[in-house]
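Chains E and W, in that order, are what the protein sequence lines are. The numbering of the first sequence is the working numbering, which starts it at 1 and goes up by one. The numbering of the second sequence is the working numbering, which starts it at 420 and goes up by one.
Keep in mind that the hints were calculated from the coordinates and are not lab data. If you're wondering where the values come from, they're calculated on a predicted model, not measured in any experiment. Yeah, the Cβ is synthetic: ideal placement off N, Cα and C, and Gly gets one too. Incorrect hints may have been included.
Which bits of chain W does chain E cover? Going by a derived footprint, with three or more residues having C-beta under 8 Å, they are [said to hold, decoys possible]:
{"#": "1", "region": "461 to 467"}
{"#": "2", "region": "606 to 616"}
{"#": "3", "region": "621 to 632"}
{"#": "4", "region": "793 to 806"}
{"#": "5", "region": "817 to 829"}
Heads up, incomplete: computed chain E residues facing chain W, CB under 8 Å, no partners named [what the hints assert, rightly or not]:
{"#": "6", "residue": "Leu32"}
{"#": "7", "residue": "Met36"}
{"#": "8", "residue": "Leu38"}
{"#": "9", "residue": "Gly406"}
Protein chains: 2
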Amino acid sequence: MSIQILLEFDLMVVATKNGIYAPSSPRENMCLKLNMILTQYVDTLSQRMKYHIGYPTNMHYEHHAILAPLLQFSLNNCGYPFTQSPVDFHSKDFEVAVLDWFAQLWEIDKDEYWGYITSGELHSSGILYASKDSHYSIFKAARLYRMELETINTLVNGEIDYEDLRSKLLVNKNKPAIININIGTTFKGAIDDRDFVIQTLENCGYSNNRYYIHCDAALFGLILPFIRHAKKITLKKPIGSISISGHKFLGCPMPCGIQITRKSYVSSLSKIEYINSTDATISGSRNGLTPIFLWYCLSTEGHARLQQDSKICIENARYLKDRLLEAGISAMLNEFSITVVFERPCDHKFIRRWNLCYLRGMAHVVVMPGITRETIDSFFKDLMQERNKWYQDAKALPPCLADDFGTQNCMCSDNKMHN
Amino acid sequence: MSIQILLEFDLMVVATKNGIYAPSSPRENMCLKLNMILTQYVDTLSQRMKYHIGYPTNMHYEHHAILAPLLQFSLNNCGYPFTQSPVDFHSKDFEVAVLDWFAQLWEIDKDEYWGYITSGELHSSGILYASKDSHYSIFKAARLYRMELETINTLVNGEIDYEDLRSKLLVNKNKPAIININIGTTFKGAIDDRDFVIQTLENCGYSNNRYYIHCDAALFGLILPFIRHAKKITLKKPIGSISISGHKFLGCPMPCGIQITRKSYVSSLSKIEYINSTDATISGSRNGLTPIFLWYCLSTEGHARLQQDSKICIENARYLKDRLLEAGISAMLNEFSITVVFERPCDHKFIRRWNLCYLRGMAHVVVMPGITRETIDSFFKDLMQERNKWYQDAKALPPCLADDFGTQNCMCSDNKMHN
């Protein structure tokens, strides 16, 4: 595919590089060729859909045909979502509708929140505390914005190590604390305990105006609110901001994020000296299509679909984890999580076929909406078949994953004896 | 429009806020309503197209229907464009094809450049020198990344004031200089002289490894290379990077930018101590649709269309400027520019109708592809009619714009006498 795209394209460039349009074939021919490339690309992607189980992107939405006419326009939501735009080609009304939806979900009044739809970033001064299992963009942001950073250890399941957080908070008591809380870590799908973090801050003597909590709820932010018994994500607690991804659990053809914070932080910057967000939005120009996709998705399906998807995904994730453990394959699944972590497959072709994401001795499947039991079974069957080959001669043994999964979830020969 | 969107949406939220899906109308009804809103929105935008003359967005492309099927997928070009992606749902082959095109345009070898397609930012340490007419995102970036900033004055036409630059460079000789050069300023469409800036740096004693030049060619980067007698934008000169916007002159339904720099800056960071771009891309996730839109646009039309569009736009801009001056309205147009700056209309309704962008006593029209003589004439006619009302009783007089446009372009009563 890659070679073909470049070739076709180079032909065209060669034909026109003297600034004179002298195509080797008529324009229609060129268009036909390009359309062929595109059709082939779309076909390949369509076929690969059912192998897309390693990354959290929901592509089982159906609004693309209805929303396609919007591609005629270049919609740019420049600046604040709430101020009237001086131009026509924006979708701020849709953006505000989506933000209102999330404000309601996260229990903050319409006139008390501020937010926007973007690719989502964090910017503050003070010391940033983030667990080592946080998304890499947190560490990148810290570097880019030249923030002081304290990396906190994690527990076996991927949650922040509250004891390590406590001791580092105590050492740095002279400076305000900005805490990144993960609501679903990238790799293990672990959920940090908001209440416990808040209590730790208070026990360490941080008053309310000396700390700021950001919740990175990229994937799980649209799962937890719809699960009975799961702890709410709510701005009634002393949380400064919440961000989620739009292209993950909800589904959107372009990467995007929703960011909600308290209006008081934005309008009266001087009051909170450690929120250095002097500018409201980080990128000036913002994609105007994404709010409409999100709006349409939430409007047509909303709570009902999210509730159903969350339930099914969690059930399917448990199903996969159980099958793996029963087959003697080390695996782990956090409570309320859809990310099944398991022993990393030996064969790179297998990893590539199933779009698996891996880290050290682990790999994971994110059981997203649209990943059916059939897909899971087909993956499981493929894994079992291949795995028999990897370990058939006992030349190699499956790795011990007790440190990463806990002994109860490690099925290596040493641990099996004890279990 | 805005109220209706919110209303429809709120109805749905109310119906489902208890987490139980209890719609007041069946699902099909809801979809019909949403589609009505969308149709109305698309209609409004379509009607407003011919009034979109104040901002540089080209919406006269025709690839939207062909590329619409891509909306089925969530394409994410995460990380480097040049490394193979571990997943299927990306468009890096298209991205690299587009980058290659620009590398060729800006005269840098395939294996010597590095770049990516994104919303585009700048990140460095050292002192940043930018003229006060630079795009606001430059100043925002400087604040976000906590860079030292020297703002340089501009000449009457919007070009950087080389004398002011020289004196500020001399004061700060102990620190490396990062210079933002505008190839088309946002408001006046002024083009800084690259050679003169480079010469100034050398005259001030800055050696090649003590300065870094970034060219912000957002709009004009796809005009100048296609105009005979215009100075080339070329990386054969000691320029560090060039960025342009994809949604402006070329046209793309989403805001995007192309950024090209020298590979040596990215691969051997330690050598150039003032390029602190420790991470390759600034945002991790990048929209995978935009490269395909750009690729399609360049492939089907490429040099030929850009050459034709540039020529027509510059001619049409001159036509508008001449009509304004002949009618006694202060106006200015830089050489090779498509941005006609003129006396700011008094009536806000008029400004809003024509999507005009204004600053102090000035407004501008950006004569983009698709803005025809008919549109220009219709705008001019409307302006003349309205303007007669604004100044009919001689209660108010048109403002003097000699400071902003130069006396030869100012048509206020004082200057008229001298001209």
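Structure-based check of each hint:
1. Requiring three or more residues with a Cβ within less than 8 Å of a Cβ of chain E, the coverage given for the region 461 to 467 of chain W holds, as 5 such residues are present.
2. Given a C-beta distance limit of less than 8 Å, the hint that chain E covers the region 606 to 616 of chain W is violated, as 0 residues qualify and 3 are needed.
3. Coverage of a stretch by a chain is defined here by at least three residues with a beta carbon nearer than 8 Å to that chain's beta carbons; for the region 621 to 632 of chain W and chain E the count is 0, and the condition is violated.
4. For the region 793 to 806 of chain W, the stated coverage by chain E is not satisfied: 0 residues place a CB nearer than 8 Å to a CB of that chain, which falls below the threshold of 3.
5. By the rule of at least three residues with a Cβ nearer than 8 Å to a Cβ of chain E, the coverage given for the region 817 to 829 of chain W is violated, with 0 such residues.
6. Taking 8 Å as the C-beta cut-off, the interface hint given for leucine 32 of chain E is violated, the closest approach to chain W being about 11 Å.
7. Hint status for methionine 36 of chain E relative to chain W: violated, with the closest Cβ pair at about 12 Å, above 8 Å.
8. For leucine 38 of chain E, the suggested interface contact is upheld, since its CB lies about 7 Å from the closest CB of chain W, less than 8 Å.
9. Hint status for glycine 406 of chain E: violated, given a least beta-carbon distance of 27 Å to chain W, over 8 Å.
In summary, the numbered hints that this structure violates are 2, 3, 4, 5, 6, 7 and 9.
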